[in-house]
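Undergrad: These protein sequences, in sequence, are chains A and B.
First residue of the first sequence? That's 169 in this note's numbering, and the numbers climb one at a time after it.
First residue of the second sequence? That's 169 in this note's numbering, and the numbers climb one at a time after it.
Wrong hints could be hidden among the right ones.
Simulated pairs of lysine-lysine, DSS-like, Cα-Cα distance not exceeding 25 Å [said to hold, decoys possible]: (1) A/Lys-321 - B/Lys-385; (2) B/Lys-449 - B/Lys-635; (3) B/Lys-385 - A/Lys-385; (4) B/Lys-321 - A/Lys-385; (5) B/Lys-321 - B/Lys-431; (6) A/Lys-269 - B/Lys-687; (7) A/Lys-454 - A/Lys-498.
Just some of the chain A residues that point at chain B, by a computed CB distance under 8 Å [unchecked claim]: (8) Arg-210; (9) Glu-237; (10) Asn-272; (11) Pro-277.
Read the hints as simulated data drawn from the structure, not as lab findings.
Virtual Cβ for every residue (Gly too), placed ideally from N, Cα, C.
Number of protein chains: 2
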Amino acid sequence: MYRSHNCGELNLSDINKEVTLSGWVAKVRDKGFVIWADLRDRYGITQLIFDEERTPKEIMETAKGLGREFVVQITGTVIERTSKNPNIPTGQIEVLVTAIKVLNQSLVPPFTIEDQTDGGEDIRMKYRYLDIRRNPVKENLIFRHKVAIEVRKYLSDEGFIEVETPYLIKSTPEGARDFVVPSRMNEGQFYALPQSPQTFKQLLMVGGMDKYFQIVKCFRDEDLRADRQPEFTQIDCEMAFVEQEDILNVFEGLTRHLLQEIKGVTVDSFPRMTYDDAMKKYGNDKPDIRFGMEFGELNAVAQHKEFGVFNDAELVVGIAVPGAATYTRKEIDALIDWVRRPQVGAKGMVYVKYNADGSLKSSVDKFYDSNDLAEWAKITGAKPGDLICVLSGDANKTRTQLSALRMELATRLGLRKNNEFAPLWVIDFPLLELDEETGHYHAMHHPFTSPKPGQLALLDTDPGAVKANAYDLVLNGNEIGGGSIRIHDTDMQATMFKHLGFSPEEAKAQFGFLMEAFKYGAPPHGGLAFGLDRLVAILGGQETIRDFIAFPKNNSGRDVMIDAPSPIDEEQLKELNLKLNISL
Amino acid sequence: MYRSHNCGELNLSDINKEVTLSGWVAKVRDKGFVIWADLRDRYGITQLIFDEERTPKEIMETAKGLGREFVVQITGTVIERTSKNPNIPTGQIEVLVTAIKVLNQSLVPPFTIEDQTDGGEDIRMKYRYLDIRRNPVKENLIFRHKVAIEVRKYLSDEGFIEVETPYLIKSTPEGARDFVVPSRMNEGQFYALPQSPQTFKQLLMVGGMDKYFQIVKCFRDEDLRADRQPEFTQIDCEMAFVEQEDILNVFEGLTRHLLQEIKGVTVDSFPRMTYDDAMKKYGNDKPDIRFGMEFGELNAVAQHKEFGVFNDAELVVGIAVPGAATYTRKEIDALIDWVRRPQVGAKGMVYVKYNADGSLKSSVDKFYDSNDLAEWAKITGAKPGDLICVLSGDANKTRTQLSALRMELATRLGLRKNNEFAPLWVIDFPLLELDEETGHYHAMHHPFTSPKPGQLALLDTDPGAVKANAYDLVLNGNEIGGGSIRIHDTDMQATMFKHLGFSPEEAKAQFGFLMEAFKYGAPPHGGLAFGLDRLVAILGGQETIRDFIAFPKNNSGRDVMIDAPSPIDEEQLKELNLKLNISL
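Chain A with its partners taken away, still in its complex shape (with noise of 0.2 Å):
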């Protein structure tokens, strides 16, 4: 037995009682009469005692000898402590050691362990695995777990069946970003890991199992931006015999759930916006409502006076930020020397202060009165001490930039707190996307969407306008998951298809088992899909998906501790009938 108890857990009331403990060494104090040192388990951290009134000398020999991170298992008698810690559990005592073993030695380790390491990100993902025994990555991942575990209890209750999906599926051409998997036994095929179990998930709902769920690996091999990685974690459900409205209102109440259980936190409003609205109203499919700021749209008032900037721009619109009066001349610069970076790339900014005294000062004064001016309060909402920021241009990129500079600026100002969640619908997405490269639509969520009942006409005449039943649930801002009541009908998704420029045999050749499936009496159906990387990010109050995960990948996709991907011997490339096209 290597422990009696953990490092977390004695207190004053196991005083005077003999205890084997075992863990790492944190930390060491060594005053030469006496030894205080630090011993450090999944659970806490315990002092332990050696002084040489009361401790044989050779524990006291081998007590000298303990280096950081050393492993060992100790006994001894709990004691009360002379200066006590109220800051852990464990504080008010110590364990007087009475026999110590090492078990295993420790290198000095490359970086601290401690919450706030001395460690670069390089080198504590190169040794994860010491990264995890700090507390903010440990507690992550046991959040994380926390986090599964009531996705799980609250869909189980509420009647769905976790199913498991294959992992080895098909590569189909659109699939560009599959990752595909050569087989041995089936010389020069391929199978590809899937993107999302979209299709089996469908054919689950053919096949009667109506409310599906899965906590499953997804797997999507692109350029990486910061935040993503190649394999990544969703939830994954789907329901057969539902319209939006229950699909919504089923993962309302999952959100819920989660809030109150993990946080605490109970949500009184779960609001419901239109994409229109969302992007008119901030800019933004995935707006952050913790906090105002709404946009207000200022062509009516500021147009057709003699400011030409504003003449020509298809949309001026502007934000109150409020408190923000009070900017200098150079803060002011200063923000707009921000939106005119290329990252945002707006060409200017008008502003106005609107004093608290009331009075309105602008950057166009010029050509604007303060009856105008006070018309824009009125638009954004702005009061006394508020800042207007005005941007003017064509109108997506306008909505696209301000809605940086109204994030930016709530960041600046604290608005976006950690602990307040703002969950929202946004419904109503477009059905397809125009790829302004190419001129083709594509789906904007996948081609397996239903249109908006009665809209199937208008994508023969104008498809950008085609709403479909679609969905995204945001939270503070992140678009934490998204879904759609799905086509059930092989008639209508062949007309899908046809167009998203699918040629018949295409459609076939890829898809062909699901459309064959409809034909069997496939159920009206729908889901949604929510990414728990970033759901237990959110939750957990951090902006990083690479800290609530075990072994992330950086952003080459490489695991930089194991040394993956590498290269692979000939004789293991032959066995697969394949090899290098170029030789690196």
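Position chain B relative to chain A; hints supplied.
TA: Chain B in isolation, oriented as in the chain A frame:
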């Protein structure tokens, strides 16, 4: 809203209620003036009734057009049936339909959607989504879900944390059975899919995670035996600061919990048997101990007489087959033919009838008198009425042959009862296994398994005799899991790799990251993995794991429903810097 109730819940207490149901038309009986239809969903079957007197004409017309597996939504009134069906929960009522909507039509399904179907395995696999509509398959998937829930519940309550480990890991030359995954971002380099998360769970122990589990997919690209899958699911576990005893206790607890919660079975005893004893008593490292028929070794009493076959044999060993003394000559000849089949491989079989009257009659009466045979009966534990079957020859081979005979006879005699559960730990496995072809030893479990304390020296002198801290859990003659106490010391791990024929360079290239990790305070640790597919099948009282997998692959590793694997585009190959070695 598609339904107010499901098809499994209405009964006499709902009489006169107006209800809305959705589901599949399972059966239609059209008597002209009255039509009955069975409506089926995941929850059951409800009988619908349409009749000329009470049902509007156009609804009658629709009812007449209903085909099998049409998807319909109906509204109607719950009424009492005249002819009740006591076999189903809804058998007391039927629904008089007042409105009907055909939600989707169906072609005639290629096999009947009934508990006993007319479809063969191949066609059911191709249309797996229809197969899943059948009760037995649907119930198996729901059963699997329940098992997974109980596994997670038990382990979480025991303080285990489910941690997701990566799927895109490092390919190792040793991993001849690795599926590899070419990386687009890292040209010419490959990931591998994990055969198990072995090294990651060990790194989690080094990371202080203490008690880890995961229900996780694993992958093996090898020739598939009848009941193997290229992707399979493991309950994977690891613990730190534990000895073998601690691990056995936890997973005995898990197994008891599952049998209790899932099957309502309380297991009395949970015996442990050494590998050597299992081989000696049952000729098998996964003995089915639900019935006796233990091996009796007869060398001492059967050799040194005049029967040359026995005298030349390394081992003479028999079993008592209960109640089989009445076998006819013909039946016994058939049994002899059975053991002579190439799959079993015995040269012949000696038998003794221990007749009900106490007399003994054998096929070797020429060499043995009844005193001799009485000795055999005593050693094999035969009672009057039993048949003693004796095989002889090379010890290992003979044991394997007699084990096959024992299992066959137990099956024939109905001794292997689906709803009787007898778990068993087999412990003290050999560390190494001799590959008879190459003459080299390889790790019986895996290279991270630790030898029994004090046996390291034997590695040089008698490698085959070294026992490991390794154990298997056997249930009803099936290995459902296994594990070991791991090596946690860099030097011992290096020694082990050396004995397994790795050069230091090979060991470093493949497992350098693990050996490096061991230098930073690796705790003593160990664990095990259960095969979930097999476990679920056995708990379900069935043999075939495929019946408990939603979308299984066939013996060639193909998914015949989606037709995977399949060739991929030249373009896609090129992007991966690959080409086919030989065009196919």
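Undergrad: Closer than 8 Å between Cβ atoms is the bar; does A/Pro-277 clear it against chain B? Give me holds or violated.
TA: 6 Å, holds
Undergrad: Holds or violated: are the alpha carbons of B/Lys-321 and A/Lys-385 at most 25 Å from each other?
TA: 21 Å, holds
Undergrad: Regarding the pair B/Lys-321 and B/Lys-431, is the alpha-carbon distance no greater than 25 Å?
TA: The given pair, whose Cα atoms are some 16 Å apart, holds under the 25 Å limit.
Undergrad: Take the C-alpha atoms of B/Lys-385 and A/Lys-385, compute the straight-line distance between them, and say whether it is at most 25 Å.
TA: Cα-Cα ~10 Å, so holds.
Undergrad: So if I understand the rule, the pair passes when the alpha-carbon distance is 25 Å or less; does A/Lys-321 with B/Lys-385 pass?
TA: It holds: about 21 Å lies between the C-alpha atoms, which stays within 25 Å.
Undergrad: Are A/Lys-269 and B/Lys-687 close enough, with their CA atoms no more than 25 Å apart?
TA: 17 Å, holds
Undergrad: Do the alpha carbons of A/Lys-454 and A/Lys-498 lie within 25 Å of each other, as the hint requires?
TA: 32 Å, violated
Undergrad: Would you mind confirming whether the straight-line C-alpha gap from B/Lys-449 to B/Lys-635 stays at or under 25 Å?
TA: Distance ~19 Å between B/Lys-449 and B/Lys-635 Cα, so the pair holds.
Undergrad: Does A/Glu-237 pass the interface check with chain B, least Cβ-Cβ distance below 8 Å?
TA: 4 Å, holds
Undergrad: With 8 Å as the cut and Cβ atoms as the points, is A/Arg-210 at the interface with chain B?
TA: Where the cut-off is 8 Å and the nearest Cβ of chain B is about 4 Å from A/Arg-210, the hint holds.
Undergrad: Under 8 Å is the threshold here; is the Cβ of A/Asn-272 close enough to any Cβ of chain B for the hint to stand?
TA: With a closest approach of 6 Å, the A/Asn-272 hint holds.
Checked against the numbered hints listed earlier, the structure breaks hint 7 alone; every other hint is satisfied.
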